[in-house]
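Student: Sequence:
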Amino acid sequence: MPALDLGAELGAGTPALGAGATRPLPRSAWEELIVLLLLPLLLLKGGSWGASPLRPLCRPTNATLAAESDACPVCVTFTTTICAGYCPSMVRVIPAALPPGPQLVCTYRELSFSSIRLPGCPPGVDPVFSFPVALSCTCGSCRLSHSDCGGPRARPHLCTRPQLSLQLL
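Numbering (my numbering), first residue to last: -9 to 159.
In short, the hints are calculated from the structure, not lab data.
Every residue gets a Cβ at the ideal spot worked out from N, C-alpha and C, and that includes glycine.
Check the hints yourself; a few may be wrong.
DEER-style ranges, computed between Cβ atoms [as the list claims (entries may be wrong)]: (1) GLU100 <-> PRO78: 20 to 30 Å; (2) ARG45 <-> PRO92: 11 to 21 Å; (3) GLU100 <-> ALA56: 50 to 60 Å; (4) GLY130 <-> PHE103: 12 to 22 Å; (5) THR69 <-> SER131: 21 to 31 Å; (6) ASP60 <-> MET80: 18 to 28 Å; (7) THR54 <-> ILE84: 42 to 52 Å; (8) ASP116 <-> GLN93: 51 to 61 Å.
With these hints in hand, go ahead and build the complete structure from the sequences.
Tutor: Right under this line is the structure:
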């Protein structure tokens, strides 16, 4: 079997390099090398940058909310399950003539409704306050029928009247 002459394949006829020197790779070879080095990192990471402990993914979470009515004397705080967390999103690098893509929010996949009765309401005022309870969550388009899509607030669910805490069963 004849010996393989790598020098002939890598550019015979070019001046010899000094001892220990290497021949620079052509540009396409550099691009291939970068892809081959970065691809395993991307595959190992699995594209799950949002799954790090600093960014919890969309899931049911306990939260304390407040319920009050202008006609009732007290504000009731209660703990329920809401949907909260990170949803991956994308922004186009080159804004083209295409419309922007939808931005996903953490919203209810399955929910039930529960109610509490506000104490001390005068006759003729409905004391019942209904609210959604998250059974499961998903990243999807915001549905204003049962979600507040306005984003985080500095001081959410603040009582303006005297506060009464309620434990739900």
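Student: Quick one: which hint numbers does this structure break? Sort them smallest to largest.
Tutor: Violated hints (numbers, rising): 3, 6, 8; every other hint is consistent with the structure.
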